[in-house]
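Number of protein chains: 2
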Amino acid sequence: MNFMAALNEVASKNLCVLEEQIRESISEDTFIFEACAPLFKGGKRLRPMLFLLCANSKNDFPQKKSMPLAVALELIHTASLVHDDIIDSSKKRRGVETSNSKYGAQIAVLIGDYLFAKAFQLVAENNYGAEVSSTLSKLVKNLCVGEIMQDRSLYEVPTLGEYYTRINLKTAIFLSSCCRLGAIVSEMDKREVENLTAYGTNLGLAFQIIDDLLDFFGDEKITGKPRGGDLKSGVITLPVIRALEVSDEAPTLRKIVTSGKDVDAAIKIIQATDAVDYCRTRAEAHIESARVNLPLTLKTSVALALEQVADFIVDRTR
Amino acid sequence: MNFMAALNEVASKNLCVLEEQIRESISEDTFIFEACAPLFKGGKRLRPMLFLLCANSKNDFPQKKSMPLAVALELIHTASLVHDDIIDSSKKRRGVETSNSKYGAQIAVLIGDYLFAKAFQLVAENNYGAEVSSTLSKLVKNLCVGEIMQDRSLYEVPTLGEYYTRINLKTAIFLSSCCRLGAIVSEMDKREVENLTAYGTNLGLAFQIIDDLLDFFGDEKITGKPRGGDLKSGVITLPVIRALEVSDEAPTLRKIVTSGKDVDAAIKIIQATDAVDYCRTRAEAHIESARVNLPLTLKTSVALALEQVADFIVDRTR
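Each protein sequence line maps, in turn, to chains A and B.
Mind the numbering: the first sequence is residues -6 to 311 in the working numbering, read in order.
Mind the numbering: the second sequence is residues -6 to 311 in the working numbering, read in order.
Worth flagging that the hints you see were computed from the coordinates, not collected in a lab.
Treat the numbers as computed from the prediction; the structure is a model and nothing was measured.
Don't be surprised by glycine CBs; every beta carbon is placed ideally from N, CA and C.
Which bits of chain A does chain B cover? Going by a derived footprint, with three or more residues having C-beta under 8 Å, they are:
(1) 21 to 32
(2) 99 to 108
(3) 140 to 147
Could you put the whole structure together from the sequences, leaning on the hints where they help?
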């Protein structure tokens, strides 16, 4: 379930404590706990694990000091998913009924707000300093701007630049912030901080490109989501942008994607082009950049783990 | 419009700068600005003004240092209103179309999130320290818990204790936090901090009791809201709790308030009791407590202004 568990001793040493402290962070109030606990079932814990790996990649950073921030990152991620599910009116996520479906939009808004606030409380009360708080608040702001951008341009074909801006705001900044925060708290030097940030950015771009590819061509049984969901809801991603550029049937495809109807026909048109290879090649190039940016000063075991995370990102099937 | 403008030199000196910096805080992104600017039209600026008054109530606290936190408090208040309007499906607030009605729940969720995040960013980047951040994050958490409590017990008659818990979480903690933060940043001593906090708590309790009274008996032309709105949406407040205790028609009233139907009849039943006087007396007692808690060490001009705020709270008609 948790892909990182087997990665290396940093990851496995931290995972149980992380799970325990996530539960603890939501247990102040009985209803909040009942409503939130299911939200943390499943999930790869990619964000806190990236942070913990980076925080221990050169200097050792004590678990006790790192854990509240790791929890805060997962709380922020989960809060944004809860609010996303309102936005998408999703009924299920990771096989579990969404807060929106279970309690209505009202309570779902508040549960998300609670998780955001709890994350900022954890950070404030554990004295990480202003740079950490500022990175986190900017990260949340960027998630909002990315999501607003997406919501306001549904059924419109973005340029490649617009697509990249969106996935950067929605995903890459989050992963790069996790890496950056790990480097900051463990007091790495400025260049190492920038390099680990660049590692995270490229990881995030690759992650989202693969996600967008899986939405079209993933195995529904493994992803747990019906194919072409993005297109149905008007979100136009890289495979479409590429196919529109190279397909003979571009006019038909454009009609489909700007209406969200007949998604199966769109998938066939995209499949007849080089879009899948094109997306994979782009994702792999980002993974290569991520790898190149890993500072040479890292401990071998953690560097290896960070490379394995990168490999996982392109090889994943869900 | 802004009741505090005429209060004293602290208030009037700060108000223009506050308005300017609120606008500045939302102008990073064109759409965000367009969507948010109307949200700040109207409003009493009670929270930032309380903070600014307290921050200057004994020692002078430089405007440049206090303003970002004042802005953050108004952003948090506004964010919570934006999310409340999703919860209540409100079409208008302060005569302006709500984000929920204008852009849909999706964008409204994100606008609220953006404002919360921006508030935390302002605080992080202006080095107020961990206690300030922690107070703010707990405040947001409490707003959520209070609102969840309310949403989960609609059409149920609360005990007096439950009513007080709810209005404390929803309103009083916010006002007391504003006062407390003012005392903290201007480095008042521990006892003064606690006294100003108690002033704020009592102010907040009185504020909410009067608000609940205005919902039934306010002049619709002045409040801008139809009478009995709370009751229609299932929120049962102090006038009802009192009337249920003393009215001969309590069984009828109970039927009405647990169904939300025939609100006009409920208003008549409540009006025939001492509920209005009872609520006013309670609110006035809190105002008296607020006043008593004002530290004697405050500057006369600011102490006077804080007393005037208290008077405003019980005398207001909207």
